[in-house]
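Engineer: Go ahead and model the full structure; you've got the sequences and the hints to work with.
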Amino acid sequence: MLGVLLLGVLAPAGLGISPVAKLQSRGSQCVEYECFALFQGPLTFLDASSACESLQGHLMTVRSSVAADVISLLLSDDNSMNSRPWIGLQLPQGCGDPGHLGSLRGFQWVTGDNDTSYSRWARSNDQAAPLCGPLCVTVSTATAAAPGEPAWEEQQCETEADSFLCEFHFTTSCRPLAVDPRDPEAAHIFTTYQAPFGVRGADFQTLPVGSSAVVEPLGLNLVCRAQPGTSEGHWSWEATGAWDCSVENGGCEYLCNRSTGEPRCLCPSDTDLQADGRSCIKPLVSSCNDLCEHFCVNNPDVPGSYSCMCETGYQLAADQHRCEDVDDCKQGPNPCPQLCVNTKGGFECLCYEGYEFVDGECVELLDPCFGSNCEYQCQPVSPTEYRCICAEGFAPKPHEPHSCEMFCNESSCPADCDPNTPEFCHCPEGFILDEGAICVDIDECSQGECSAGSECRNLPGSYECICGPDTALVGQVTKDCDPIPVNKDNEDSGSGDSTVSTTPGFPTGPPSTKPVNSGVLIGTSIASLSLVVALLALLCHLRKKQGAARAQLEYKCASPAKEVVLQQVTDHKESKKDGNRVSLDWGVNFRTATAHQQLQNSTPGKGEFYLMQMMLSSKERKRNHCLHKMTKERLI
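Numbering of the sequence shown is given in the working numbering, commencing with residue 1 and proceeding in unit increments.
If you are wondering where the hints come from, they were derived from the structure by calculation, not from laboratory data.
Just so you know, these numbers come straight off a predicted model, no measurement behind them.
You may find that some hints are simply not true.
[Said to hold, decoys possible] Between beta-carbon pairs, the in silico distance windows are:
no. : residue 1 : residue 2 : range
1   : Asn-299   : Arg-225   : 29 to 39 Å
2   : Arg-175   : Gln-331   : 32 to 42 Å
3   : Gly-219   : Arg-175   : 14 to 24 Å
4   : Ser-305   : Ala-187   : 19 to 29 Å
5   : Glu-348   : Ser-305   : 32 to 42 Å
6   : Thr-171   : Lys-344   : 42 to 52 Å
7   : Gln-331   : Asn-299   : 23 to 33 Å
8   : Gly-346   : Thr-384   : 47 to 57 Å
9   : Tyr-33    : Tyr-306   : 41 to 51 Å
10  : Ser-382   : Cys-417   : 34 to 44 Å
11  : Gln-331   : Tyr-352   : 46 to 56 Å
12  : Gly-96    : Tyr-33    : 28 to 38 Å
13  : Ser-124   : Pro-181   : 46 to 56 Å
14  : Glu-348   : Ser-412   : 14 to 24 Å
In this text, a Cβ means the ideal position worked out from N, Cα and C, and glycines have one as well.
Structural biologist: As structure tokens, then:
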């Protein structure tokens, strides 16, 4: 049945485990990479499960009719017909209706699942009362509904069954040893096998790796071993060379020869015998490799002949030795959706401009500027990236690259004027509006922006200070050169800290004081008083000079040739006093004196103020800064 043979049990096998030390095996069957064995009890379900696990297996699962046939064969022996062995099926704690719990009635296999395509309960669902666990299952041929179909019976798990069925899984197996029937002694050769789980027998269909074989009367002891890279095992022994040629071809891979009296293995002419004396392998080096450009293949049918072969993308040349590139782009239809470029041993697909090669297809590229928020203009820099550019005289803001701001890198640049009201013009920061709508750089160095002892360098729209030797940042370029702070406590203590060394073993203390000469004290007091008087005189002189300079400056700036023009500006910031919005932007525009009457007739409204704009003639440009400062002070 199903090609499965019943194994006769010749002798009990020691199981090597304490709970089942006195158990005997009653038989075993193997199908492909699974083996099933029947062991004698009595044992409880838990002890039987432990016994199977100690042999690297588990209680048998009966998931198909094939497994049921195996049980029938194991129980067909006269000594086992009335046995009721445990199988690996149990009901956990709890109760349930058998009619509503599937084919296993709520039971589970010891492997933790309930997968099955087969069940054979002794009682039908109609006859079965509600079941409460824990319960376990035995099988019996006595209550079978049909011959060859052992029935499942529920039992208390603490009950001792007279036997149990174990299941074992393997990944590699060996066929039984083959004996040459032509050997005159073949009829007298007898082989006994022992499986890794302790069962012995003579009739096996397959044997798992680790099984042993004893061949009598030759006295051979062989072992089933795994072969690398395959699921099929092979019989081997510890010694090298062949054993008796009548059994399994002496273990030789190719041919076993005993013409010399002793068996030995032979290999084909194009292979070499390995160190074990039984295996054959082809040499790694081919004799014709140097004759072909790519590959050389020996012709086994004609000794000394060979053929050359080429790699993919090449073809054999006319001399049958060299390899030439194949132009794949000219072979049949175009292998590419658009453009094909031949390469050595292959080809490359390209796409037209505006397309991208993606997953074997040329896909149209989207405009990277689509959806951009550039203030002026978007410029693509790659198929997926873009940058914002600005009009002439403008540049992207450093922290807002999508927005533009006025930019001037020269001493003068055109102003940004409103086309509807040309008198409204705007200059970049650091520039001032001049005649002809021109923005002129403000010379901050003339206003003394850098501290004393530093060199000021004017830049377009800005400035920088080169710190002098009397500052904390000597030689550095910055806009703030702080003077070196003076430590009044250490003015008279020299240029560094003094170190007092002490001699070990001698006490240290303050140095002894000496009386100071009275003449020295009087001289020091007179010198200090003279210095104070000189500083006061210098301060008075500077104050007078500053007052004269301011009077002269106000006189020059108040010349009748210059007048101021007030222009109404919309308020932007709330005043703390009356809630009106006041603009804090200063726009300075120099105009001619003809606007004097307009200044007298204009009156500011509530919440508004007038920014003073002054027009400076080309000859008076040098005084624009002083007028700008005076205007700001008066408005404040």
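Engineer: Between Gly-219 and Arg-175, is the Cβ distance one that fits in 14 to 24 Å?
Structural biologist: Holds: the Cβ-Cβ distance is about 22 Å, inside 14 to 24 Å.
Engineer: Are Glu-348 and Ser-305 spaced within 32 to 42 Å by their CB atoms?
Structural biologist: 38 Å, holds
Engineer: Check the following: the C-beta atoms of Tyr-33 and Tyr-306 are separated by a distance inside 41 to 51 Å.
Structural biologist: At 43 Å between Cβs, range holds.
Engineer: Could one say that the CB atoms of Ser-124 and Pro-181 fall in the range 46 to 56 Å?
Structural biologist: 53 Å, holds
Engineer: Between Gln-331 and Asn-299, does the beta-carbon spacing fit 23 to 33 Å?
Structural biologist: 29 Å, holds
Engineer: That 42 to 52 Å hint for Thr-171 and Lys-344 (C-beta), does it hold up?
Structural biologist: 45 Å, holds
Engineer: Using the Cβ atoms, figure out if Asn-299 sits within 29 to 39 Å of Arg-225.
Structural biologist: With a Cβ separation near 36 Å, Asn-299 and Arg-225 satisfy 29 to 39 Å, so the hint holds.
Engineer: Against the range 14 to 24 Å, how does the distance between the Cβ atoms of Glu-348 and Ser-412 compare: consistent or not?
Structural biologist: 55 Å, violated
Engineer: Quick one: are Ser-382 and Cys-417 within 34 to 44 Å, going by C-beta?
Structural biologist: 37 Å, holds
Engineer: Given the range 46 to 56 Å, decide if the beta-carbon distance of Gln-331 to Tyr-352 lies inside it.
Structural biologist: 22 Å, violated
Engineer: Lying within 32 to 42 Å: is that true of the beta-carbon distance Arg-175 to Gln-331?
Structural biologist: 50 Å, violated
Engineer: With 28 to 38 Å as the target window, see if Gly-96 and Tyr-33 comply at their CB atoms.
Structural biologist: 35 Å, holds
Hints 2, 4, 8, 11 and 14 from the earlier list are contradicted by this structure; the remaining hints agree with it.
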